[in-house]
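The opening position of the sequence shown corresponds to residue 1 in UniProt numbering, with each subsequent residue numbered one higher.
No lab work stands behind these hints: they were computed from the structure.
Treat the hints with care, since some could be wrong.
[As the list claims (entries may be wrong)] Straight-line Cα separation of at most 35 Å, DSBU-like style, residue types lysine-lysine; simulated pairs: (1) 265 - 250; (2) 157 - 194; (3) 321 - 369; (4) 120 - 250; (5) 369 - 293; (6) 369 - 486; (7) 346 - 378; (8) 278 - 306; (9) 458 - 486; (10) 250 - 325; (11) 232 - 278; (12) 293 - 307.
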Amino acid sequence: MIKEANEELCISQEKQQLDFKQETDTLMETSTYEENESSEADLNDHFGYLSRFRLHKRIHKKGKHFACKECTKSFSNITYLKSHMRTHTGEKPFSCKECDQSFRQIAHLNSHMRTHTGDKPFSCKECDKSFSQMHSLKRHMRTHTEEKPFSCQGCDKSFSQNNTLKAHMRTHTGEKPFSCNACDRSFSHVSNLKIHMRTHTGEKPFSCKECDRGFTNVSSLKSHMRIHTGEKPFSCKECDRSFSHTCALKRHMRIHTGEKPFSCKECDRSFTHICALKRHMRTHTGEKPFTCKECDARFSRIAYLKKHMRTHTGEKPFSCKECNKGFTHLNSHMRTHTGDKPFSCKECDKSFSQMHSLKRHMRTHTEDKPFSCQGCDKSFSQSNTLKAHMRTHTGEKPFSCNACDRSFSHVSNLNIHMRTHTGEKPFSCKECDRGFINVSSLKSHMRIHTGEKPFSCKECDRSFSHKYALKRHMRTHTGEKPFTCKECDASFSHRSSLKTHMRIHTGEKPFSCNKCDKSFSDVSNFKKHMRTHAGDKTFSV
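Given the sequences, and given the hints that come with them, work out the whole structure.
Here it is as structure tokens:
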């Protein structure tokens with residue numbers, strides 16, 4: 001059986017060689033036809049067209065005697081030509097019995113069959129990897145040789161694989177041929193499309209063994225693992241900092257280069273990070289996407305929301321080593337110990353320990369009052385001042401004294417009031433050693449020594465050392481009498497006058513003479529009486 005097969009193979013090969021010899025002899029005879037006497041024009045006539053003559057001449061070159069009539073290729077073997085012709089006819093005579101695929105060449109079928117058998121006959125001599133295809137082995141070998149034969153003409157990059165070069169070229173052309181069917185996004189690489197599709201399907205096939213978190217791609221998993229390992233493989237060449245992600249290193253490098261590639265279209269500000277630009281844009285749009293679940297407060301930044309949440313939880317995670325106090329924000333407090341004031345005003349020589357204090361101060365120069373009261377026409381430079389003002393409309397007094405039943409609309413007023421219980425007078429006059437419970441009282445007192453009267457009446461030439469004294473005086477011009485007696489219809493311009501009048505109804509006489517048994521309802525009559533004992537007859541009736 002084997003002998004007969006071999007004999008058939010030999011007869012087939014002999015017939016093929018005989019056919020080849022006869023075809024070659026015929027072609028050679030034709031090609032030497034009147035060779036010495038004919039010109040190329042004669043040969044052109046002989047073959048019909050010059051192009052067919054050129055096609056014929058390739059038969060004699062490099063032993064490739066079998067020419068394709070459809071294209072310019074020639075082959076050394078009739079079998080190769082027949083195989084090649086299938087690229088023109090589309091014929092695929094070799095079918096896979098395992099699946100429905102067909103192939104033009106038996107070699108392609110054999111190669112395909114390895115996907116079913118798992119056979120990997122091509123082994124790498126440098127490592128223990130094996131491949132089912134020779135071209136896969138060749139491609140793999142470049143990882144050892146570092147050969148990069150495919151160069152980009154648009155830049156100086158080279159690649160070990162042709163398809164990698166093709167994918168890279170899309171960074172120059174901007175081509176994104178891979179489109180998502182679920183949304184309008186497109187991608188330059190099919191792998192990126194596959195990863196993106198998982199955002200629609202929810203698939204996260206790559207899981208962390210440490211914390212069970214899932215990821216859509218292996219690179220995200222590797223990046224995440226550095227949280228557990230603490231690995232920071234990306235080092236800054238300018239300083240000693242290292243980073244776990246290359247994107248973090250790139251962002252950091254802008255500190256050294258000063259690069260601010262992200263610009264605001266609404267103003268002329270630029271930023272080093274895209275996230276900083278997004279945060280900044282909320283100052284233009286007014287967007288506050290972060291909402292407190294405990295109250296209805298909204299914030300433009302997640303950091304502001306986290307800080308705010310501590311007002312609900314009471315958490316004070318930061319402890320001061322200088323005074324052992326706990327804080328929701330430690331950095332600001334530390335400046336009270338160091339005295340550091342890094343925020344300077346460009347308009348004057350004042351400096352501040354907090355940025356918000358500088359911003360608040362700047363409004364004294366710009367006279368900006370962005371916080372307006374909807375109950376009246378007043379505006380304020382600070383939000384908390386507006387809130388305090390609103391209590392004059394609502395009558396709210398949320399700050400109560402624990403020692404008595406008084407309440408206050410401002411916490412500062414409560415703090416001052418508490419000193420009436422403690423006896424504390426922290427503000428002392430350097431001229432007479434008198435103490436005061438608040439700085440405004442000290443300033444008012446100092447005018448006794450300086451004689452300063454900064455509050456002037458616009459109706460007359462009188463001036464006063466205190467604002468309340470000017471207000472009282474103005475009633476002499478306006479005729480205003482805001483203090484009314486509830487017992488009768490009498491009205492008074494001063495509260496003290498109403499108190500004196502009320503003694504007519506109550507019969508109260510709080511001013512008693514030590515010399516005799518007389519008492520008086522007002523201090524002026526009491527003083528007149530006292531002069532009668534002193535021998536002063538000026539006021540005698």
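Proposed proximity, residue 250 with residue 120 (alpha carbon, max 35 Å): Violated - the C-alpha atoms of residue 250 and residue 120 are around 42 Å apart, more than 35 Å.
Is the straight-line distance between the alpha-carbon of residue 232 and that of residue 278 35 Å or less? holds (27 Å)
Residue 346 and residue 378 were given as a pair; does the straight-line alpha-carbon distance stay at or below 35 Å? holds (28 Å)
Keeping to a limit of 35 Å between CA atoms, is the pair of residue 321 and residue 369 held or broken? Violated, because 39 Å separates the two Cα atoms, which is more than 35 Å.
Pair hint outcome, residue 250 versus residue 325 [Cα-Cα no greater than 35 Å]: violated (38 Å)
Take the C-alpha atoms of residue 157 and residue 194, compute the straight-line distance between them, and say whether it is at most 35 Å. holds (26 Å)
Starting from residue 369, check that the Cα of residue 293 is at most 35 Å away, please. holds (31 Å)
Hint check: residue 265 vs residue 250, CA-CA at most 35 Å. Holds or violated? Given that 35 Å is the threshold and the Cα spacing comes to 24 Å, the pair holds.
Hey, residue 458 versus residue 486, does the alpha-carbon distance stay inside 35 Å? Cα-Cα ~33 Å, so holds.
Hey, residue 369 versus residue 486, does the alpha-carbon distance stay inside 35 Å? With Cα atoms ~41 Å apart, residue 369 and residue 486 exceed 35 Å; violated.
With the threshold set at 35 Å, check whether the alpha-carbon distance from residue 278 to residue 306 stays at or below it. holds (18 Å)
So if I understand the rule, the pair passes when the alpha-carbon distance is 35 Å or less; does residue 293 with residue 307 pass? holds (14 Å)
Violated hints for the displayed structure, listed by number in ascending order: 3, 4, 6, 10.
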